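The listed protein sequences derive, respectively, from chains A and B. Mapping the first sequence onto our numbering, position 48 (from 1) lands on 48, and the numbers just tick up by one. Mapping the second sequence onto our numbering, position 68 (from 1) lands on 68, and the numbers just tick up by one.
Simulated from the structure, these hints should not be mistaken for lab results. There may be inaccurate statements among the hints.
Said to hold, decoys possible - Within a straight-line C-alpha distance of at most 25 Å, the following computed PhoX-like cross-link-like pairs (lysine-lysine) qualify:
1. A/90 - B/87
2. B/84 - A/88
3. B/65 - B/47
To be verified - Sample of chain B residues with no beta-carbon within 10 Å of chain A, all distances over it, derived:
4. 22
5. 46
6. 88
7. 133
8. 141
9. 159
10. 214
11. 242
Since we're looking at a predicted model, the values are computed, not measured. Heads up, the beta-carbon is just placed ideally off N, CA and C, and yes, glycines get one too.
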Amino acid sequence: MITSKNVFYHELIGLYSKVVKSYNEFLVGINGNIIDERKKTISIETEKGVKIIPKNVSIFHLLLPNGEWVEIDGKILVNRPEDRIKKKYKKL
Amino acid sequence: MKCYDLNIKGNSYNCNKELILEAHRLGWDYFNLLFSPESYEKAIKYKNNLRDEIEDIIINNLRNKIGLEFGIEIHPKNQNELYKLTKKYRNKTKFISVLGGDLGVNRGVCENIQVDVLSRPYLNLPSCGINHVLAKEAVKNYVAIELCFNDILSSYLSYRSKIMAHFREIIKLHKKFKFPLIITSGASSIWEIRSPRDISAIFKYLDLFEDEFNNTIQNYPQKIIEFNNERENMIILGVKKI
Numbered sequence: 001m002i003t004s005k006n007v008f009y010h011e012l013i014g015l016y017s018k019v020v021k022s023y024n025e026f027l028v029g030i031n032g033n034i035i036d037e038r039k040k041t042i043s044i045e046t047e048k049g050v051k052i053i054p055k056n057v058s059i060f061h062l063l064l065p066n067g068e069w070v071e072i073d074g075k076i077l078v079n080r081p082e083d084r085i086k087k088k089y090k091k092l
Numbered sequence: 001m002k003c004y005d006l007n008i009k010g011n012s013y014n015c016n017k018e019l020i021l022e023a024h025r026l027g028w029d030y031f032n033l034l035f036s037p038e039s040y041e042k043a044i045k046y047k048n049n050l051r052d053e054i055e056d057i058i059i060n061n062l063r064n065k066i067g068l069e070f071g072i073e074i075h076p077k078n079q080n081e082l083y084k085l086t087k088k089y090r091n092k093t094k095f096i097s098v099l100g101g102d103l104g105v106n107r108g109v110c111e112n113i114q115v116d117v118l119s120r121p122y123l124n125l126p127s128c129g130i131n132h133v134l135a136k137e138a139v140k141n142y143v144a145i146e147l148c149f150n151d152i153l154s155s156y157l158s159y160r161s162k163i164m165a166h167f168r169e170i171i172k173l174h175k176k177f178k179f180p181l182i183i184t185s186g187a188s189s190i191w192e193i194r195s196p197r198d199i200s201a202i203f204k205y206l207d208l209f210e211d212e213f214n215n216t217i218q219n220y221p222q223k224i225i226e227f228n229n230e231r232e233n234m235i236i237l238g239v240k241k242i
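Input sequences plus hints: build the corresponding full structure.
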């Protein structure tokens, strides 16, 4: 089950997301369900079609199935989803 | 400008009150009292009373409200002890400072994201205690290096000149690698407190220019405090609950 504690290890496809900050101002505000994920990009299905967002320049808000919102820096997600599970992160 | 002093030695209730009032008179706005882990639990009980009493006294002052926080200062002997103590006290307090003075401990602190400040890395060492490797690690893990003004005040002759040389070396590294550097008074009595302008005058002589000095007493401490306030909601660096 996806929770805020394991979201950065988890598969992101299907989650509702919103770009809240980005080096590219035109990406800010794009929201919708994530329909695909690659090593460096995320595809979001919006009302105007599918948008491809680069991960390493953006900050996302993700809505988890339990109703929790999580802010996540795209730099952490830069990896293939199947490789992300092996990665080690420092605890705060 | 708001001036932050992140290292004032905590003592008894009355002594702390005198220290804070005197520091506030001299121009400081935020005070972080550091206690040993044993005395911290006693001190945290009277924190709110102390804050209320001080605010009552300075209520007529037109300057900003004071900030008051209590923290823990750790003196580990080696790296293993450092990891144990930081794990133990991280959830109990908002601010952890580690006393340096050993190359192994200095390295351990710079690599540890759970520590906020490496205090006095030059203590009892022939060198300044920081090198290019530690500087890079400190930037990565956002560990601030602390220069304690009380070391200059309380030393004399060649010891003082050596400490000043260490300060100059650390400032040189700070300019190159941009790790967070903070300057504190380290005062344990009212006679050891100096105003920010006095400290600025000394550090100008040590090649720290005005804007860099402002960063050391305002911007870097402010960022550390903001980061620590959000630490509860953070899961790892870059992921937080909203």
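Evaluated hints:
no.	hint	verdict
1	A/90 - B/87	holds (13 Å)
2	B/84 - A/88	holds (20 Å)
3	B/65 - B/47	holds (16 Å)
4	22	holds (35 Å)
5	46	holds (29 Å)
6	88	holds (14 Å)
7	133	holds (18 Å)
8	141	violated (8 Å)
9	159	holds (38 Å)
10	214	holds (27 Å)
11	242	violated (4 Å)
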